[in-house]
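*Asks:* Residue numbers (full-length UniProt numbering), protein chains in the order written: chain A, 1 to 582; chain B, 1 to 171.
Quick caveat, the hints were computed from the structure, so don't treat them as lab data.
If a hint is listed, it holds; no wrong ones were tucked in.
Calculated cross-link-like contacts (lysine to aspartate or glutamate; reagent style DMTMM-like; alpha-carbon spacing at most 20 Å):
no., chain 1, residue 1, chain 2, residue 2
1, A, LYS137, B, ASP49
2, A, LYS133, B, GLU20
3, B, LYS81, A, ASP306
4, B, LYS64, A, ASP285
5, B, LYS81, A, GLU179
6, B, LYS64, A, ASP306
7, A, LYS137, B, GLU20
8, A, LYS506, A, GLU476
9, B, LYS64, A, ASP317
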Amino acid sequence: MAEKSGADILVECLIDLGVEVVFGYPGGAVLPIYDALFDHPKIRHVLVRHEQGATHMAEGYARSTGKPGVVLVTSGPGATNAVTGITDALMDSIPMVVITGQVATQLIGTDAFQEADTIGITRHCSKHNYLVKDPAKLAGVVHEAFHIATTGRPGPVVVDIPKNVQVATARYERPERLEHASYRPQTKADPAAIAKAVELLAAAERPVLYTGGGVINSGPEASTLLRELAALTGAPVTSTLMGLGAYPASGPQWLGMLGMHGTYEANWAMNKADVILCVGARFDDRVTGRLDAFAPHSTKIHIDIDRSSVNKTVAVDLPVIADVGSALTDMIALWKERDHKTADLSEWWARIEGWRARNSLAYPESREEIMPQEAIAQLYKASRSAEDVIITTEVGQHQMWAAQHFGFDAPNKWLTSGGLGTMGYGFPAAIGAQVGNPDSLVVCIAGDASIQMNIQEMGTASQYRLPVKIFILNNEYMGMVRQWQELTYESRYSNSYSDSLPDFVKLAEAYGWTGIRIEGPQELEAGIRQMIDTPGPVIVDCRVAKLSNCFPMIPSGAAHTDMLLDPSQVEGIMSDEAKALV
Amino acid sequence: MHIQEEYSERHVLSLMVTNEAGILARIAGLFTARGYNIDSLTVADITADHAMSRITIVTNGPPKVIDQIIAQLDRLVPVHKVTDLTENGPFVERELALVKVAGTGEDRIEALRLADVFRAKVVDTTIESFIFEITGTTEKIDNFVGLMRQIGLVEVGRTGVVGLVRGKEPN
Ligand SMILES: Cc1ncc(C[n+]2csc(CCOP(=O)(O)OP(=O)(O)O)c2C)c(N)n1
Ligand SMILES: [Mg+2]
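Assemble the whole structure, with the sequences as input and the hints as a guide.
*Replies:* Right, dumping it as C-alpha cells:
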C-alpha cells in the first residue's frame, strides 16, 4: 500500500469520520493541510475572519446538527485565538475537534516563529488534547479524538500536528473501532438506581423535573423521552438556560426557565419541591442561588453522564450515572412495568398556579420606546411563520430576555453561551448553524456591545451567501453590566456605556448585507417582517429602551425565594459578601 | 469581609495512568486549576512494558472536595483507575528521606543513637557530617527530621509518599 502524507491522512480520516465542513483559517504551519483541502470534492472549508469565529461556528454547527464541529487553525496566534471557543465548548459540553498546526518537531521548544505551547495552553480548557509526532500515529489519534469529543460528556478535543508530520508519509488504514484502554464513559445506569428513582418519583407529592443541556446533548430522542416521562408523572418541568427546547415551552407542564433570571413559579417550585429529578443539569451557581437555601425540602435525584458533576456543589440523595436518553428509557420502562399511575398532583399544581399568577415575566408597556422584551415577543410571533427557526444569542440582558420571551418547542434550536458566557459567541454560532441548516431561519439575538466582538464574520456570511439575521437589541449600553452597577454600585456606570457605536445599517451595506433600523414601537412589527422576508443576510438595529433591567432576578448570593420582581425592590447597594460573588 | 477557611482531612490517592508525555502536567494542572492541594506526588512507571505508571498523591481537603478530586481525576482520559487508599481500608504507606546532619563530638554520637532508634541507615559520612537514609510514614520522618534539626540538620530530600492496599488484591 502506498504511503500518504500526514496532511492527506488527516483529510482521509475526516472523510471516513463523516466530516462535511471544516471552519478554519490558514497559516504557515497548516499549509500542507490546506493544500490537501484545495478544491476538495467532499470537504467544505468555510474560511472565517478570526479563529475565535471558527470555534463558535463549529459550536453552532454542532449544537444545531448534533454532529461534531471541526476547526482548523495554524500554530501560535491561530491556536491562541481559538482558546476562547475551546473553553466555551468545554463549559457547555459541545463536541468539537480542533486541529492546530505546530512548528516542526525539531523546532518545538526553541521559540520558533509562531510557536506556542498549544498543548500546554489547551490542556485544561479541552476535554483532551494530543501532540502527534509521528504520521503513522496520526490516523489513530484523529479517530480517537472524534470518539472522545462525541461520547460521554461531549467536549472539545485538540489535535496539534507539527508541520513536518503533515509532510512526512505513512500508510493509512482506517483504524478499527478498538475499545479505549482507559476512557470508558458509563452510559447505562445501575438498575438499582433506576428502580429507586422511579419509586421516589411515583411517591412524590411535589415533584419537579429540573432539566439541562445534557438532554440536548443526548440527542433528540432524549427530549421525546423527557416529554413522555413528564406526561407519565404529571410533574412540572423547568430547565436551565442550556436545556431550553427539550420540553416544549408550549407544553402544559412547562414552568419556564429557573435560576437567576428564571420565573417566579420555577424557582418557588424548586424551593418547595419534595422530589427533584435533575436530568442532565449541573446545579450551576446561576441556577441554585444561595446554596444553603437551595431546594431545602427535597430528595434530589441526579442523572448525569459525568460523575464529577454529581455532588460537586449540591449534595444529592441518588446519583444516576448514565446517558440521559438511556436512563429515561429505563425509567419509563420500569414505570410502566410497575404500572404506576399518574399521581393526583392537583394540590401541587394549585400552588404552582398561585406563583404563576404573579406573572413574573411581565414588563411595563410603552408607546414611546420599544421595550426589549416586547421586541423579543414580536420576533417570536413573527418567526412562527418560518418552517424552522434557530435562535442564537450573544451575552447580556438580551440573552436573558430571549430565554424568557422566546418559546422553544424543540431541541437544538436554541444556541447560547451558558457556562462561559462568551460575548462574541452568538453571531459566529449563527453562521455555523446556518451552514448546517441551510433552509432554516437563523437569527442571532445580539446586544450592541457583544456584536462588536466578532463582527468581522460578516464577511464570512457574505462570502458563503449565508442568510443569517442579526437582531440587535441596541440599548447603547453593556446593559447587563449597567444593571449590576445600578443594583450594586449606586448606578455608578463605570465604562459600561457603548460609546462610538458604528452605524449598523451602513455597516451592513458595506458588507453587502441589508441593514434595517427600527426606531419606535410603530416600526417594530414591519421591521421584523422585513428582516424575515429578506432572502440574504440582514442586520437589524433595533433601538430599545436604554435603561430597562432584566427581571425577575435573584441577586447573587440570595435564595430562590428572595427574587426581585421589579425595580421597586432594588436598593442599589449590596453587602461585601454579595459583591464578592460573581 | 474575611475569607473563611474550611476543615480538611488528609487522603492518599493511588492512580494508575497511561505512561505518556504530559500526564503529570495534566494531573498537577488539574490540582492548580481547581484549587486542590498537593502535599506530595510521586510517579514512576511500574509495568514491564513501561506502559503504565502509578502516581501517588497525598492531598488534603474537606470530604466533599476529596470526592470531587477523585471524580475529576477519574475523568481524565489517560487515567485508568483512582483508589482512595485512606477510604479503601488498610493500606501501607512509605516515604524515603535523605537527611544530612552536621556536627562533631557529642552531637555526632547523639545523631547516630537517634538514627538507630528510627532504623535510619548511614549512607554517607565525613568527619563532620552524615547522610541518613530513612523510610517510614510521613509522621515518622517528620519526627526524625525534627530531632535532627536540634542537633544540626543541614538539608533534607524526601520522595513523597507511595502506598499500596494491604492483602493480595491490587489497589
Ligand atoms: C468576552 C466577554 N467579556 C466581558 C463579558 C462581561 N459582560 C457580560 S454581559 C456584558 C455586556 C453586554 O452588552 P450588550 O452586548 O450590549 O448586551 P446587553 O446586556 O446590553 O443586552 C459584559 C461586558 C462577557 N460576558 N464576555
Ligand atoms: Mg447593550
